[in-house]
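Visitor: Construct the entire structure; sequences and hints are all you get.
All residue numbers for the first sequence refer to the numbering used here, where the first residue is 105 and numbers rise by one.
One should not assume that every hint holds.
Stated by the list, open to error - Straight line, CA to CA, 30 Å or less: simulated DSSO-like cross-link-like pairs of lysine-lysine:
(1) K251 to K292
(2) K292 to K369
(3) K369 to K251
No lab work stands behind these hints, which were simulated from the structure alone.
What you are looking at is a predicted structure, and each value in this text was computed from that prediction instead of being measured.
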Amino acid sequence: MPELPEVETIRAQLDPLVAGRSIVSASSHPSAKFTPAIEAHGAQIEQVRRRGKYLLLDLDDQRELIVHLGMTGVLSVPEQAGDSPYVRAQWELDDGRWLVFNDVRRFGRIRVVPAGDYASITTLRDLGPEPSDAAFTAQHLHRALNKSSRRLKTQLLSQRPVAGLGNIYADEALWLAQVRPTARSISKPAAARLRDACIEVIESAISNGGTTLRDYRNAEGGSGNNQFYLRCYGRAGEPCERCTTPLRSMVVDARTTTWCPTCQKR
DNA sequence: CGCAGCGCCTGAAGGC
DNA sequence: TGCCTTCAGGCGCTGC
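Guide: In structure tokens, the structure reads:
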């Protein structure tokens, strides 16, 4: 579930706790998804950045420690080593604290790569602009979406037209822009609305500390508040806030998708 | 190169 | 009560 707003919330909490700290030991679950965590042993963390849903920890030896939280990943910086059965990696820091990665469902991933070299992480390599980036214009989104005839919802989830939207915020942005998720092309005015909606939905979710529906916790173990402000996701059968038509849902590319059949036009 | 399809995971919730 | 099935879904990989 962690999408851009949740990952950004974690990034902001993590950075002051780990920046400047050296990694004095590292361990991981045996799965190849997590064993690269050990490669960061001995390096110093300079800062914590984010691209889309990826956390990028700059190391002082021209490498980056990259963490993707998957569905249920949680990072925290406790004063003792993690003891949950779901600890998938942990790094001991030189101030005695630990950077701990918990992930019940093991959908997360950890990698260490040369700084800026994302060739082996294709989703990150091909990631679209951040919603907040000046390059994320209506024209960009219009062109990017019309390059393919896949459904608009599917394209948003691909991370290529824009970075960081998952199932929750894709449904929210499409609802706000009044765009039909199953459409396979988009007009210029609709692309302009969708661009604005992506920014609005992501920025307000960051302000609300992210959305906690089941598993999401921030780096301090707290919940977000944005679940109280969702207007579409998870509300199938409830009246649309704009037009009172009951929201409908269907599975689009293996993901539950909710939309208003009246005011989200093709 | 684009993309459809599949596998990875396990706790929670629902059905009987 | 307890067993079984279904569901949640981001992304990497395979093969057409």
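Visitor: Are the hints correct? Go through all of them and say.
Guide: Cross-check of the supplied hints:
no.	hint	verdict
1	K251 to K292	13 Å, holds
2	K292 to K369	14 Å, holds
3	K369 to K251	20 Å, holds
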